[in-house]
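**Q** Take a look at the letters that make up each chain.
Number of protein chains: 2
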Amino acid sequence: MTKTIHIGLCGLGTVGSGVVRILQDHRDQIKYKLGCEVSIKKILVSDIHKKRDINVIGSELTTDPKSIIQDPDIDIIIEVMGGIEKTYQLMKEAILHHKHIVTANKDVMALYGQELLPLAKDKEVDVFYEASVAGGIPILRALSDGLASDKIQKMMGIVNGTTNFILTKMADEQRPFGPVLEEAQQLGYAEADPSSDVDGLDAARKMTLLANLAFKTTLELSDVQVKGIRSITQEDLTFAAKLGYTIKLIGIAEVNDEGKVEVSVEPTLLPNEHPLAQVKNEYNAVYVHGEAVGETMFYGPGAGGLPTATSIVSDVMEAVKNVRLGINGHAYVIPQYKKKLKTDKEKFMKFFIRMEVDDTAGTFQKLTNVFTGEQVSFAKILQLPSNKNQTAEIVMVTHSVSREQLRKSLEQIMDLSVVKKVISYYRVDGEE
Amino acid sequence: MTKTIHIGLCGLGTVGSGVVRILQDHRDQIKYKLGCEVSIKKILVSDIHKKRDINVIGSELTTDPKSIIQDPDIDIIIEVMGGIEKTYQLMKEAILHHKHIVTANKDVMALYGQELLPLAKDKEVDVFYEASVAGGIPILRALSDGLASDKIQKMMGIVNGTTNFILTKMADEQRPFGPVLEEAQQLGYAEADPSSDVDGLDAARKMTLLANLAFKTTLELSDVQVKGIRSITQEDLTFAAKLGYTIKLIGIAEVNDEGKVEVSVEPTLLPNEHPLAQVKNEYNAVYVHGEAVGETMFYGPGAGGLPTATSIVSDVMEAVKNVRLGINGHAYVIPQYKKKLKTDKEKFMKFFIRMEVDDTAGTFQKLTNVFTGEQVSFAKILQLPSNKNQTAEIVMVTHSVSREQLRKSLEQIMDLSVVKKVISYYRVDGEE
Numbered sequence: 565m566t567k568t569i570h571i572g573l574c575g576l577g578t579v580g581s582g583v584v585r586i587l588q589d590h591r592d593q594i595k596y597k598l599g600c601e602v603s604i605k606k607i608l609v610s611d612i613h614k615k616r617d618i619n620v621i622g623s624e625l626t627t628d629p630k631s632i633i634q635d636p637d638i639d640i641i642i643e644v645m646g647g648i649e650k651t652y653q654l655m656k657e658a659i660l661h662h663k664h665i666v667t668a669n670k671d672v673m674a675l676y677g678q679e680l681l682p683l684a685k686d687k688e689v690d691v692f693y694e695a696s697v698a699g700g701i702p703i704l705r706a707l708s709d710g711l712a713s714d715k716i717q718k719m720m721g722i723v724n725g726t727t728n729f730i731l732t733k734m735a736d737e738q739r740p741f742g743p744v745l746e747e748a749q750q751l752g753y754a755e756a757d758p759s760s761d762v763d764g765l766d767a768a769r770k771m772t773l774l775a776n777l778a779f780k781t782t783l784e785l786s787d788v789q790v791k792g793i794r795s796i797t798q799e800d801l802t803f804a805a806k807l808g809y810t811i812k813l814i815g816i817a818e819v820n821d822e823g824k825v826e827v828s829v830e831p832t833l834l835p836n837e838h839p840l841a842q843v844k845n846e847y848n849a850v851y852v853h854g855e856a857v858g859e860t861m862f863y864g865p866g867a868g869g870l871p872t873a874t875s876i877v878s879d880v881m882e883a884v885k886n887v888r889l890g891i892n893g894h895a896y897v898i899p900q901y902k903k904k905l906k907t908d909k910e911k912f913m914k915f916f917i918r919m920e921v922d923d924t925a926g927t928f929q930k931l932t933n934v935f936t937g938e939q940v941s942f943a944k945i946l947q948l949p950s951n952k953n954q955t956a957e958i959v960m961v962t963h964s965v966s967r968e969q970l971r972k973s974l975e976q977i978m979d980l981s982v983v984k985k986v987i988s989y990y991r992v993d994g995e996e
Numbered sequence: 565m566t567k568t569i570h571i572g573l574c575g576l577g578t579v580g581s582g583v584v585r586i587l588q589d590h591r592d593q594i595k596y597k598l599g600c601e602v603s604i605k606k607i608l609v610s611d612i613h614k615k616r617d618i619n620v621i622g623s624e625l626t627t628d629p630k631s632i633i634q635d636p637d638i639d640i641i642i643e644v645m646g647g648i649e650k651t652y653q654l655m656k657e658a659i660l661h662h663k664h665i666v667t668a669n670k671d672v673m674a675l676y677g678q679e680l681l682p683l684a685k686d687k688e689v690d691v692f693y694e695a696s697v698a699g700g701i702p703i704l705r706a707l708s709d710g711l712a713s714d715k716i717q718k719m720m721g722i723v724n725g726t727t728n729f730i731l732t733k734m735a736d737e738q739r740p741f742g743p744v745l746e747e748a749q750q751l752g753y754a755e756a757d758p759s760s761d762v763d764g765l766d767a768a769r770k771m772t773l774l775a776n777l778a779f780k781t782t783l784e785l786s787d788v789q790v791k792g793i794r795s796i797t798q799e800d801l802t803f804a805a806k807l808g809y810t811i812k813l814i815g816i817a818e819v820n821d822e823g824k825v826e827v828s829v830e831p832t833l834l835p836n837e838h839p840l841a842q843v844k845n846e847y848n849a850v851y852v853h854g855e856a857v858g859e860t861m862f863y864g865p866g867a868g869g870l871p872t873a874t875s876i877v878s879d880v881m882e883a884v885k886n887v888r889l890g891i892n893g894h895a896y897v898i899p900q901y902k903k904k905l906k907t908d909k910e911k912f913m914k915f916f917i918r919m920e921v922d923d924t925a926g927t928f929q930k931l932t933n934v935f936t937g938e939q940v941s942f943a944k945i946l947q948l949p950s951n952k953n954q955t956a957e958i959v960m961v962t963h964s965v966s967r968e969q970l971r972k973s974l975e976q977i978m979d980l981s982v983v984k985k986v987i988s989y990y991r992v993d994g995e996e
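Read top to bottom, the protein sequences are chains A and B.
The first sequence: position 220 = 784 (the numbering used here), numbered continuously.
The second sequence: position 404 = 968 (the numbering used here), numbered continuously.
Fair warning: there could be bad hints in the mix.
[What the hints assert, rightly or not] Per the computed footprint, the stretches of chain B lying under chain A, defined by three or more beta-carbons under 8 Å from a beta-carbon of chain A, are:
1. 596-606
2. 834-843
3. 859-871
4. 881-893
Since the hints were made in silico from the structure, they are not lab data.
Remember, predicted model here, so these are calculated numbers, not experimental data.
Note that CB positions come from ideal geometry on N, CA and C, so glycine has one too.
Produce the entire structure from the sequences given, and follow the hints as far as they go.
**A** The structure is reproduced here in structure tokens:
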């Protein structure tokens, strides 16, 4: 009853320090809630002698991961050191040594989750990764516990704080992508190499984790259709606004009645009054549509030291409970459905298309001939004189069409001599 | 390890039947997640012979609550029968017989929670009531677990589905309160006696439960400032819309740095682009602002048989885990702070005021004299000719003032001979 649970903490950056602080500040409360003590026995750091503004008395600092993984006293390993390959190796080793793992590492989980999770189940240990998906939002818990007795049909959300910060600034302050990215980097919202965020990969990793949990299947990162935000221009935002839309980087995961799945991350136009259109700056929000519960939404800070540390501590408490219940490994949601992906013929949505065309009689008819041939019809059309000589700019929003219909139409459109350029096209969603 | 947990289910209406169905459909999954079986031993009904479209084979139907409360085999009692006094007695008796309780009854919890919760802690049993606050939203769990290591500063939300349905219809279809209420009653969204909902009491009960949990104090229903939606007219909605606002029934609970609390439920004008302004129909949403985590929001169906039943089952699973961990009663959030309430002098907010005045020279000066004397200044003023002879209608939005400043101003305003009538006034919130 009064056994102490020993923790090995790997990483002592912002999140790691936050975890140490929360466990210290809430020691009594945690003991009361769990019926046992939780104590950090060892901490993996890269430099033992570095000066730190956190009290780690009672914990042994080490630079040797093995001394943590192989310590028979340690029950749970908290991984907040980042990295991919080495970290994956460390986690795998730890599982093989029967350690439970709590991690904030979405990269490792998206790339190696399909290997690590069944391995952990096999070894009867827990792998919890709530903090990896959306810092302050308990969405994994909700999917695996609260909504577990429901059939999830669709999820849709903003799961990357950096790109949402950039898009919010671009729209509100009418500034182009480049300078806003620089500002985000200076503020620490974007990394020196921003590609993982701005090219949509980070969001795609999170959508993979969410979709596998919600649909109980085994999607990989490469199953996600990804498009980032680099090519979004001020003109795109302006034209979208003229039609009543806001552009957000939206992740969507859907399963149909036949169990066929589609997952995508791409810039998407949402009606201004759509709740996700109102999610600003670095905030994240995810809609979950379940058969029984209906629509629920989770909203909160997408990242940040304290939200992430809070989430880690919740996971640790869950793991401790499971240790004491003897049900470790049971939290793992076993994939029940073989992966079945929709083809582009089966993916239906609306699109926003911008193109520059000759401003001459007959142009419009040539365009409509192509679209009609592919059975693509339009909900909104806007034609404006372009700044350039004798050209016009056309902005269209289609009715629901398949990705294949769109692709075929655009191929033919680009071959028309009256079309100078297809400037951009984006998904449109959130309308009834 | 393979002990069975026995349940006594009190009530077999929509929610009760939903609970039976979920426990049947997910039997294996629940057993796997808990490491033990959960079985409904007895069900309390008012008529044993009533025909039901649910399979209750294996459970004993009874009309005698004592046979459940005093059954030594039964560990957990699920209370979904409604009512107040008798139900409170039943719950208290059950606690004294060392039964854990899972309830959807916000009335009993708001009125008697301060007595039942410490009693339960004393008897080392759990009382879980997630389903009582907002059917499909796991907000109590979030406050008592996930956000437990944070200091909650403010909560703001829509916590009553009936009034939100009515206000949505009134605004979208420009119909008055009466007929919309009738429609809501026909659709089953409002009860035959709608006063608990439309007068704001139901929302006030929920805000009491949320505030006590978040601020760890002992507020009572009578500490909540309550105003319902009966008096909201189509003109109020129209004038609010002209100024860019939507009217919602909003519950707000705040604590300041000195630990002084204010809790209110009242019609409130929110900017149209505020996320809560977008919450439609019977949906609920609650913003939680914590010191560490920042802003999080929970959104979902406010009620409904299946969401509520899903929430009940989650609570049951939590109680079962606690039984097996031997930590029942520990989930109770012990009040740590003596109740301290703000006075009306200390409650600051903006107000929207509509009045009918003489359309003569000098009227406006008389008004501004009064307001200036009370140091009330305005952000927005709109004057329109009224339909009536020689009167005008004035709509004002104040800057932040205290409730006392407002009251004193309005008292003097009503004494002015040029003022025919103060038509309405509402809180304004959600602006920076």
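**Q** Against this structure, judge whether each hint is valid.
**A** Each hint tested on the structure:
Counting residues of the region 596-606 of chain B whose beta carbon lies closer than 8 Å to any beta carbon of chain A gives 4, which meets the minimum of three for the stated coverage. Under the rule that three or more residues need a Cβ within less than 8 Å of chain A, the assignment of the region 834-843 of chain B holds, with 6 such residues. Under a criterion of three residues with beta carbons nearer than 8 Å to beta carbons of chain A, the stated coverage of the region 859-871 of chain B is upheld, 10 such residues being counted. For the region 881-893 of chain B, the proposed coverage by chain A is satisfied: 6 residues have a C-beta within less than 8 Å of a C-beta in that chain, meeting the threshold of three.
Violated hints for the displayed structure: none, as all numbered hints are satisfied.
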